[in-house]
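S.K.: Listed below, chain by chain, are the residues.
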Amino acid sequence: MTANSSESIDWIARAGARPKGRRPAYFDDPAVDRLLSLSMALVAEVSVLRERLDTVERLLEAKGGLNRAEIEAYMPDRAAGEERGEATRAFIARVMRGFAQEVEAMANPDPPIMDLVEKLSRE
Amino acid sequence: MSDLPPPYTALTRHPMLARTNHDEAARFNFLTHLNRYISGTLGPGNRLAYDTRVLPAFRAEHGRDPEHRYEIRDAMNQDPFHRMWSALKRNSMEMRQHNGRATVLRQLDELDALARQFNEHSGMLELDPSIEQPEYQTVVDIHCQPGGYHSEERPGDVSAGANYDVGIFATTGGALGGLNDGGGQAVVAWAKKERPGWQPQRILDVGATVGHNAVPIALAYPEAEVIAIDTAAASLRYGAARAAGLGAKNIKFVQANGEDLSRFPDNHFDWVQTTMFLHELSARSMPKLLAECHRVLKPGGLILHVEQPQYSDAMPLFEQFMRDWDAFNNNEPFWSAMHGQDLKQVMARAGFPLDSQFVVGVRAVVDRSIFPAAETEEQEDYGRAAVWNAYGAWKPQAQELAA
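If you read the protein sequences in the order shown, they are chains A and B. Residue numbering for the first sequence follows this note's numbering, beginning at 1 and increasing consecutively. Residue numbering for the second sequence follows this note's numbering, beginning at 1001 and increasing consecutively.
Extracted from the complex, chain A is given alone in its bound form (with noise of 0.2 Å):
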């Protein structure tokens, strides 16, 4: 079922419909809220390019040709869905390595660069 059937409604504008309840603002200018947003869609859009990649690569090597129907009822086996699944692990971890690292600097902080500039020319 990919077909889009829905009269009398305008499924892409309602698709995103905001919720009842005032937003948080997470950030004190309002642009970077919005800023986030638009880089974590996209984000998901790369990872789901990469994905729908990885079904083109996996259907022709299988198959030797496609059509996009298989590609839209394509139902990784066990062994591939973990392939994936790694591979979605692994992007997430490189989109987000600067909050990982931040993570990693408050449980190992390491003084101001100049402290070890001014130790070193001492010692």
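Worth flagging that the hints you see were computed from the coordinates, not collected in a lab. In this text, a Cβ means the ideal position worked out from N, Cα and C, and glycines have one as well. All the given hints hold, so there is nothing to weed out.
For lysine to any residue, the following SDA-like pairs were computed, each having C-alpha atoms within a straight-line distance of at most 20 Å:
1. B:Lys1288 / B:Tyr1136
2. A:Lys20 / B:Asn1329
3. B:Lys1298 / B:Asp1355
4. A:Lys20 / B:Tyr1136
5. B:Lys1252 / B:Val1188
6. A:Lys20 / B:Phe1334
7. A:Lys20 / B:Glu1152
8. A:Lys20 / B:Gly1147
Partner residues are not named here, just some residues of chain B that face chain A (Cβ under 7 Å, in silico):
9. Ala1026
10. Arg1027
11. His1098
12. Cys1144
Based on the hints, put chain B in the right spot on chain A.
M.R.: Coordinates of chain B only, in the frame set by chain A:
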């Protein structure tokens, strides 16, 4: 078996489940992994930020430790790491809703037609247009689900229930199993072990939404008559059709408000169940609802409320603060106050003496060959983990009360 979540396509495609195309499934896959990353890899940063800078700054300013989770919340909401972490988590919830709604709304004609077909033939749906939506269901859209459980995109549709069902996999990281019913399965497993051979005749599930947790009870006790009530017709329409599609015959989805169960006589049910529901009420409605549950329950019958653990003095304030996140960031406004109550005392006031009560830990029951185990305590995504407390009681027989 690795600890990776399974792909979205591992979900059981029951007849009513909205069909995802390739990219919709891939978006849910991404969100499933992202949620795990936010809670597992980045989540510990909240504790580090608190210990290394937020708490020391609080002590310096106030000359004491925080005395309430709200003090921690105010302080953490100024911390750059916690702000970014919360913003990521909020966006993940919003993206889940967007993808779920896009999936459902583009095929709403087919879903509505299928639901009508199921519901006309099964006789398992009983709507009552006179039921009003309580204020606690309409002041905000719970879980940031646009329209909440009760709204319609057009009259008589199933969009609310269908969207709830199609996306919960991503929110819970796949921890609820192929039919997202790991909670109901856990309740069944507990009851079968606790009372082998017990044959309840009438079972009431209050706040059933789409029946994720009521259907497994109906299927496990085929001799019983299960009534699943909710105020939201939009969810019940989908839930009744979903249950019929899963082959359940002994369950009826009835539009009713748990605060007024006057349609049922006293001592009517052998078992009254709520699952992850009480936190969606309000301070005034919860005792009324619990008193009604007590009234309709037979002496000797079982009441069971599955919830996240209540906050107690024994629970560190920082954990209370983390568990409170959904109240303020995911439109669950009663979550904080509800978990702050002593549920055992609340149940006692509803008529269940303390010595008839018990609390047990339950963990989602899912097919472990496909779905990962529920998170361990260290990895817990506070408030989302598929590990719950069940607050229950066996209603005393009349003579026990008189004694």
